[in-house]
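Peer 1: The chain contents come next:
4 protein chains.
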Amino acid sequence: MTLTPEQLADIEEQRALSQPTRRAVSPGMEERLYTAHPVLDHGLIRVIDYMGDDNAITQAARVSYGRGTKKVSDDRGLIRYLMRHWHSTPFEMCEVKFHVKLPVFVARQWIRHRTANVNEYSARYSILDREFYIPEPDQLAAQSTVNHQGRGAVLQGAEAARVLDMLREDAMRSYDHYEDMLTADEEAGKQGLARELARMNLPTNIYTQWYWKVDLHNLFHFLRLRADAHAQYEIRVYAETMCDIVKDWVPAAYEAFEDYRLGGVNLSGRAVEVLKRRLAGETVTAETSGMSKGEWREFEAIWG
Amino acid sequence: MTLTPEQLADIEEQRALSQPTRRAVSPGMEERLYTAHPVLDHGLIRVIDYMGDDNAITQAARVSYGRGTKKVSDDRGLIRYLMRHWHSTPFEMCEVKFHVKLPVFVARQWIRHRTANVNEYSARYSILDREFYIPEPDQLAAQSTVNHQGRGAVLQGAEAARVLDMLREDAMRSYDHYEDMLTADEEAGKQGLARELARMNLPTNIYTQWYWKVDLHNLFHFLRLRADAHAQYEIRVYAETMCDIVKDWVPAAYEAFEDYRLGGVNLSGRAVEVLKRRLAGETVTAETSGMSKGEWREFEAIWG
Amino acid sequence: MTLTPEQLADIEEQRALSQPTRRAVSPGMEERLYTAHPVLDHGLIRVIDYMGDDNAITQAARVSYGRGTKKVSDDRGLIRYLMRHWHSTPFEMCEVKFHVKLPVFVARQWIRHRTANVNEYSARYSILDREFYIPEPDQLAAQSTVNHQGRGAVLQGAEAARVLDMLREDAMRSYDHYEDMLTADEEAGKQGLARELARMNLPTNIYTQWYWKVDLHNLFHFLRLRADAHAQYEIRVYAETMCDIVKDWVPAAYEAFEDYRLGGVNLSGRAVEVLKRRLAGETVTAETSGMSKGEWREFEAIWG
Amino acid sequence: MTLTPEQLADIEEQRALSQPTRRAVSPGMEERLYTAHPVLDHGLIRVIDYMGDDNAITQAARVSYGRGTKKVSDDRGLIRYLMRHWHSTPFEMCEVKFHVKLPVFVARQWIRHRTANVNEYSARYSILDREFYIPEPDQLAAQSTVNHQGRGAVLQGAEAARVLDMLREDAMRSYDHYEDMLTADEEAGKQGLARELARMNLPTNIYTQWYWKVDLHNLFHFLRLRADAHAQYEIRVYAETMCDIVKDWVPAAYEAFEDYRLGGVNLSGRAVEVLKRRLAGETVTAETSGMSKGEWREFEAIWG
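Residue numbers (this note's numbering), protein chains in the order written: chain A, 95 to 398; chain B, 95 to 398; chain C, 95 to 398; chain D, 95 to 398.
These are calculated hints, taken from the structure and not from any lab test.
Treat each hint with caution, since some may be false.
[To be verified] Among chain C residues calculated to face chain D with C-beta under 7 Å, some are:
id, residue
1, 101
2, 116
3, 124
4, 145
5, 215
6, 248
Idealized CB from N, CA, C, for every residue including glycine.
All chains should be modelled from the sequences, with the hints used to inform the complete structure.
Peer 2: Have a look at this one:
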């Protein structure tokens, strides 16, 4: 991540400014505000604004006139209860706004989460920067031979070098041509292609950026799917950075999320039966489990 | 609106507390925070939290690193442009959370606006208060004879008195019975009916309350429909109170909203044609307008 | 449920009409179409329209040009995979439209599910019928002494009789007054109160009705929460009726839903640990589980 | 648009199959079903399924037991009323599902419309085809000199030829490298890069495809913005194709949409004032209008 001196100055200026407010304040989040957290080679996440804290969740659940209980332990217990029983609306009472810089192919996955607000940098209106995601060598993985949408072993030697060369050269050439197409030059009789057209030449590892605003319930949903081991690495690192941030923002809610969602397990009715048989001392095999091969493989991965 | 001493103390306590924040602060909204704005006879609206200000709208539209321009006039021009061209996402970057106390029949209209977050006081879990909406005499209107879902002249004398008596007496009796059904009395062999059942006896002019959180774009959509002269009076007064609040929160955005939406007019293709013919000096009548009777009536109401 | 002869004729007329279509057809659902399924004393659910079948789910997951595989078993396996891995979008490719008649207090819970389309009978525009929900004696339950929002033992004898009398009498009286307020009588100098006002006198056990349209993913979400044992009985019976209907519509998807959601269990990270310790032969108690009392109680209810 | 023989056979097979249904049938839409409507050089739109017709809109608005009025003219009048008064929910009662093949940069604009259901072809799971959008010469426009996000004059001669060469060559080379990176070759010691990584090398004029399902109200919203003259040409042609389809599906609703939305005009409060002054005979200039330069330019474009 390389920020220009102007961008760094903008960030510092915002961090330096402090004003009084009557609103709920999360000390952990105030510390995070505006700072650029680096992700991948040129990406970043910045918290631009937030609304609410742990107490805002229980305050809304109680529809109370004041801030409610002063005891943090009471809030924590209620928050765990709400999370356990899938009460989603109190978590919707907290909101956060991020500034994210990310490769276009990551943005395409991200945007599938519809319950959020987005303003993306417009490549119809503006010119994109020459910044492309090139994977680190240890992320240059082969196609998985067992999982149709996963990664296998890391590429080695000549194959890895060749892939990196192709990615880098194609990115640079496409950007050179992008600039060339855009350039107007009266003497040469060049008008310059419209931005909305020239951008189509750029590969999807180019970086874009957006403001993304979401409530805590829907953010948790995003994080559960995208901080998961099955998510593509390039979006997972963004999710992990946001997990760290949310932990500082609403510690009690994050703890409940970690226990019930991130670290939790969903059992089918069949899986419940199998576990009960095992607890009763029976040895259950793939054949006697009533599960398909895929289900059994996933079951065994957790329960042995 | 009557608040208990505890509720008033809760509000005062929250208003008294001020903490530093790095976030965008709206001075007009800080002034509003927590205060109970009375609506109808027992209703209220309180701002519980907010995110963003006018500048947050243009900052998101520009996807900028800093707060963007320092010139308020530049923000104002861009905000008007965004509103005129139906760019909704920048307005979604501001968020507000209200505490609202309102009659159930108003809540039923309100909740039809789906893009918002709600936590309502639970009548399964808690006991509702003895508070019912009884209209002021000047709001006791007859059924409109021209509009199937509107009001006509105000009721007079005996009819008005009789209506008010029925509303008051039925409310009190239903609440007496609600309390009676709920009451457990071991000696009398009474267990007390479940709250989730007893509540069904209460008429829809009883007050409920909720926390309601919404982004500015969707709030504007709500206000355009509910602050409109065709909206039912009992929800319109809530919308009008929110209009006053939003004006203090994001003055430039509200000004644009007022000009382009609240005070604006939608013309059909036919209406555009009729106006052009009129501007060209032609006298257009209902017959030559190509409009239906209803359309022509509405057209004439504006253009004479 | 009492339908008028006109309503019955309307239903029969629609059922009698059959036309050719090129669209996917679900035989089980065709059988259900338009028929009024009774719920509670005056309520009903009717399927008005539907889009898609089991095959539409896998067809969309594969983004295929044709109907995809002809083997039902392949579809079933893929559907189970999609359900297990929380792939929600293929299930969104099926849609259903219901006509529902339900008490207002049930409608108020129902509408909290926002990702659906609703057209409700307007009490501003029209006059409501004299139909109120009065519970069956075996549903007249006391407030639970352990669960703040649940039911306990059934009321007996005099208490039950008294409650039913109050519910019936208050419903009838409020409706009499509703009619009285509405009635215009020129000779008597009565204008008749506006409908939008008179309705506020009616208790929430009066029946309303609406058209409700939802995609299969969001319907499953609704059913998981509302067919659950913790849901209020009066909404649960609607959910159960819809479960029967969905089973006929998309048998494979419903089977997967039943196994993974309705009959499934969510384990927290702590609960996973406790189960693993048990499987390893350890005796885990509430004290050594690391769970709160509430969590332990719920854990024991399933795992003993 | 080139379809493989297998794809054409799949389409023909689906079109040939007809089954009886009790559901509402739209004859115009049955005719459209499954057929591939070509858009751009390799894109297409196919109707996969639909729910409802014009009558379904008024049936829901009336919450009726039967199909409602038999008179098409009554439906038409009510539909115009609903459209004029922004009653959106009855239009939500119709649903349509499309199969769309489109360039990635168009997909990125399209997906910003969040109230819809989408299943996209997965480039993590599958390999994309070698199909890229290359503009027709008459669409190769220069950047507009007046509109920051629009097109100006068409490029000529050498500049145009050069742009087309770059677009074609970069597309082919990036796809060659994509294939190369993906290829496993045991003898050569090549594992083949994971699909989810290799795809990042592809420019955004490559074609993707998805199933897209949306209700009529939200489709109209999409069409109003994307069939507009200010929309980028490459998405507008998709919108225009859908306009033709919708016209066949729900003729009365489309007619109302065309009159009130597509052909309609939104006037600000200021613009209403200016028009009234003009109607009263006054000559209003930019200076005396109270409008900004941009507003006045847009006002003049319509009203002269």
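Peer 1: For each hint, tell me whether it holds in the structure or not.
Peer 2: Hints and how they fare:
1. A distance limit of 7 Å between C-beta atoms decides the matter here; for residue 101 of chain C the minimum to chain D is near 4 Å, and the interface restraint holds.
2. Hint status for residue 116 of chain C: holds, given a least beta-carbon distance of 5 Å to chain D, under 7 Å.
3. Interface hint status for residue 124 of chain C: upheld, as the beta-carbon distance to the closest one in chain D is roughly 6 Å, under 7 Å.
4. The interface hint given for residue 145 of chain C holds, since its Cβ lies 4 Å from the closest Cβ of chain D, which is under the 7 Å cut-off.
5. Of the supplied interface hints, the one on residue 215 of chain C holds, with its beta-carbon coming within about 4 Å of a beta-carbon of chain D, less than 7 Å.
6. Hint status for residue 248 of chain C relative to chain D: violated, with the closest Cβ pair at about 35 Å, above 7 Å.
Of the numbered hints given earlier, the model fails hint 6 alone.
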